[in-house]
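Student: This is what each chain is made of:
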Amino acid sequence: MNIDQKITDDLVAAKIGLVTTVPCKQLAGVIEEVDKHPEILHIPANKEDEGMGICAGAWMGGKRSAIIMQNTAIGVTINTLATLIQYYRMPLPMLISYRGELREPVACQVEMAVHTKALLAQMNIPTYHFHKQSDADELPMILDYTFMCNKPVAILTDANFWGGYGDQ
Amino acid sequence: MIRSEILKEIAPILRDQLVVCNIGIPSQELHAIDDQASNFYMLGTMGLSSSIGLGLALAQPKPVISIDGDGSVLTNLGTLPTIGNNTANNFILLIIDNGSYGSTGDQPTYAGQKTSLTKMAEAAGCDRVVECQAEDTGRVLQDALDSGEMTVIVCKCESGNAKMPVITMDPVTIRDRFMGAVQA
Ligand SMILES: [Mg+2]
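In the order they appear, the protein sequences are chains A and B. Per my numbering, the very first residue in the first sequence carries number 3; after that it's consecutive. Per my numbering, the very first residue in the second sequence carries number 48; after that it's consecutive.
Heads up, a few of these hints could be off.
Cβ pair distances, simulated, as ranges [unchecked claim]:
no.	chain 1	residue 1	chain 2	residue 2	range
1	B	K161	A	H117	36 to 44 Å
2	A	P107	B	D81	50 to 58 Å
3	B	A209	A	D37	40 to 48 Å
4	A	D146	B	D223	20 to 28 Å
5	B	E182	A	M3	56 to 64 Å
6	A	D37	B	D190	28 to 36 Å
7	B	D174	A	M3	38 to 46 Å
8	B	D174	A	K8	52 to 60 Å
9	A	A123	B	L124	27 to 35 Å
10	A	S136	B	L192	47 to 55 Å
11	B	R62	A	M3	43 to 51 Å
12	B	D153	A	Q135	53 to 61 Å
Hints in this document: simulated from the structure, not taken from any laboratory. For each residue, glycine too, the CB sits at the ideal point set by N, CA and C.
Take these sequences, add in the hints, and give me the full structure.
Tutor: Below you can see the structure in the form of structure tokens.
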């Protein structure tokens, strides 16, 4: 089983039934797995705050939800995290590709990478950083933790975790 | 007619449905006119009423009405293609289009100028889009519920706000009693 399948199986095992995504190159494989899994309703979103709104509605409707997005989206979603997800105390696992870390080929990605953990810390968002594939062994625990405490929780997954950028 | 008069008129229809209500004065008006556990009042996050409503409709079978505004839809325009491409036949998006940002002092929006939200919803892939005048909102909303089809209603009305108190209910209380109404 590859890492994309493992992550998807962990989401399903945590009873997550709806996933919204805004794509990133590193997340292409997991998004494909999520899309084809029969127990997950996959709703691609045009922007991450929109995706968080869909997740909030789904959760209130009785379906656990999660968002898959790039770390640049932290810059887009601060207000939604503060005034929707946190203010109403909603659980939201955020599987985030951590662009701009080691092996990054695109310099501009570093500009948001340097703010990512600081912004998450400022928001008091529990944050986990997957650097090696074995770090993903904790994903089921992180998902349980998220639905236990009704908070947004960030899972940053860097290029080493995904095995680099291939041909770049 | 202004928004508060429309809300008063459609309150008997809204009462029995799950309603997600737009931030600011729309939520204050609905709360003052007919507070219900089945109303989810947005206290923050301009623009996400339609997204929250869509997620709710996709997750469970009861009808969901998102009350939105022209300014709020314009701030989250990506919502229209998402709605258009993910059909939830228990979802109604009611856009109260008064051509202005009502909660911030009635500054004009582009929807009151050259932009048609009706045409944008159609172009985004929404199959059932109904534009109506304020006076017809009750009938059009009941038709939409009876149709069993996902419907976007663009209700053209005058701008203006009723003076209503700010909602002081705790957000977790709003959310918790709303989830109780979802499950009831
Ligand atoms: Mg308006």
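Student: Next, verify each hint and record whether it holds.
Tutor: Structure-based check of each hint:
no. : hint                         : result
1   : B:K161 to A:H117: 36 to 44 Å : holds, 38 Å
2   : A:P107 to B:D81: 50 to 58 Å  : holds, 56 Å
3   : B:A209 to A:D37: 40 to 48 Å  : holds, 45 Å
4   : A:D146 to B:D223: 20 to 28 Å : holds, 21 Å
5   : B:E182 to A:M3: 56 to 64 Å   : holds, 60 Å
6   : A:D37 to B:D190: 28 to 36 Å  : holds, 35 Å
7   : B:D174 to A:M3: 38 to 46 Å   : holds, 39 Å
8   : B:D174 to A:K8: 52 to 60 Å   : violated, 38 Å
9   : A:A123 to B:L124: 27 to 35 Å : holds, 32 Å
10  : A:S136 to B:L192: 47 to 55 Å : holds, 52 Å
11  : B:R62 to A:M3: 43 to 51 Å    : holds, 50 Å
12  : B:D153 to A:Q135: 53 to 61 Å : holds, 55 Å
In this structure, only the earlier hint numbered 8 is contradicted, and the remaining ones agree with it.
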